[in-house]
Amino acid sequence: MEKTWNNKAWFFVLPVLLLVAFSAVIPLMTVVNYSVQDSFGNNQFFWYGADWFREVLTSERFHDALIRNLLFSAIILAIEVPLGILVALAMPKKGIWVPVCLVLMALPLLIPWNVVGTIWQVFARTDIGLLGYTVDALGIDYNYVRNTFDAWVTVVVMDVWHWTSLVVLLCYAGLVSIPDAYYQAAKIDGASRWAVFRYIQLPKMGRVLLIAVLLRFMDSFMIYTEPFVVTGGGPGNSTTFLSIDLVKLAIGQFNIGEAAAMSLIYFLIILLLSWIFYTVMTNAGNDKPMTGGGE
Amino acid sequence: MIDLSWMAWTWPTAIFFIVIFSLILAMGVWEYASPGGAPRIGILRFETTRGDRLFVSLLGSAFICLGWLWATDLSLWYALGVSALFFILVFRLV
Chain D
5 MEKTWNNKAW FFVLPVLLLV AFSAVIPLMT VVNYSVQDSF GNNQFFWYGA DWFREVLTSE
65 RFHDALIRNL LFSAIILAIE VPLGILVALA MPKKGIWVPV CLVLMALPLL IPWNVVGTIW
125 QVFARTDIGL LGYTVDALGI DYNYVRNTFD AWVTVVVMDV WHWTSLVVLL CYAGLVSIPD
185 AYYQAAKIDG ASRWAVFRYI QLPKMGRVLL IAVLLRFMDS FMIYTEPFVV TGGGPGNSTT
245 FLSIDLVKLA IGQFNIGEAA AMSLIYFLII LLLSWIFYTV MTNAGNDKPM TGGGE
Chain G
27 MIDLSWMAWT WPTAIFFIVI FSLILAMGVW EYASPGGAPR IGILRFETTR GDRLFVSLLG
87 SAFICLGWLW ATDLSLWYAL GVSALFFILV FRLV
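Heads up: the sequence lines are chains D and G, in that order. If you want the numbering used here, it's the 1-based position in the first sequence plus 4. If you want the numbering used here, it's the 1-based position in the second sequence plus 26.
It should be emphasised that the hints constitute simulated quantities derived from the structure, not laboratory data. Glycine included, every Cβ here is placed at the ideal spot set by N, Cα and C. Any given hint might turn out to be false.
[As the list claims (entries may be wrong)] Now the stretches of chain D that chain G is said to cover, found in silico as 3 or more residues with beta-carbon under 8 Å: (1) 26–34; (2) 39–47; (3) 56–64; (4) 158–171.
Let the hints inform the model, and build the full structure from the sequences given.
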């Protein structure tokens, strides 16, 4: 039977295409245009070539913010993913406690970023905050405003508190979709708890785990509001991540050209790392032979 | 005519976008004229379609140019040449 070709489907895609063009493509094009020019206000632009890119790429300030951001994302993923899996495994699969656990898990996700920042700013204060006061009372010299290490601990713990639930909920969705027959077969074979996790639960969670890792990486790499509210990028520049630095450059110093170049480099790094994560995780274990020749 | 002065267009950036959109369009024409965009496994041992290879080529070219700007003061035209070579290699081997 001959296949029927009907290109009407393209018209259904058109509204999305227009919307994406309006909200993403056109602003991105504008950023590209700004990145090769210098502006002195009053909408006057002067050609600057690729020099803004060269300045950003060789600036120590950018290198430091990038290293801080990569370190932050690595710490976040190393904590939130295993912790999320552990909590999801410990959650009940049926019974009255299921909705209770789900609601409790969803609560941090419902709080806006700036409110989370404000909560933790107060919570971690040694004079009026419960956490800060308790840690201080235990004899630990803790002050997130003065001490770099304390500021980092506060920002990391705040992010873990805010976002581990997302990993938990995604993993939990993967876990409850596993049919009972798999567990029964494992029981008959006398599989250990670890074997059940390694060969049944982990592979079945693979897809949702990929989404969780991607979401958490992209989000942590773009983090702005929470550390900005809690530490303001300080002490010094110790918690100034790329987005905070970018805002300082674009709005604080009104250096539109350099900020545009920096945001494009930032965007390309996120794109590259997300693509690597996606490709590695979707192809994990698929060691296939080469097929097809060159174009 | 819509006023697009706020977008601060320049000829080089306009040409840059025209080339990117033309490449996407050319991929469509290529697939229509000579179908063959099904996934295949290349030297990197993962499946890629023609579209994936275009994406890898463009992303790689962006990093080649950024690396060039970071490492040397030489003209970006050389980096464009390296990117073209990278394009060919990706489409032949990946």
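Exercise. What hint numbers does the structure not satisfy?
Worked result: 4
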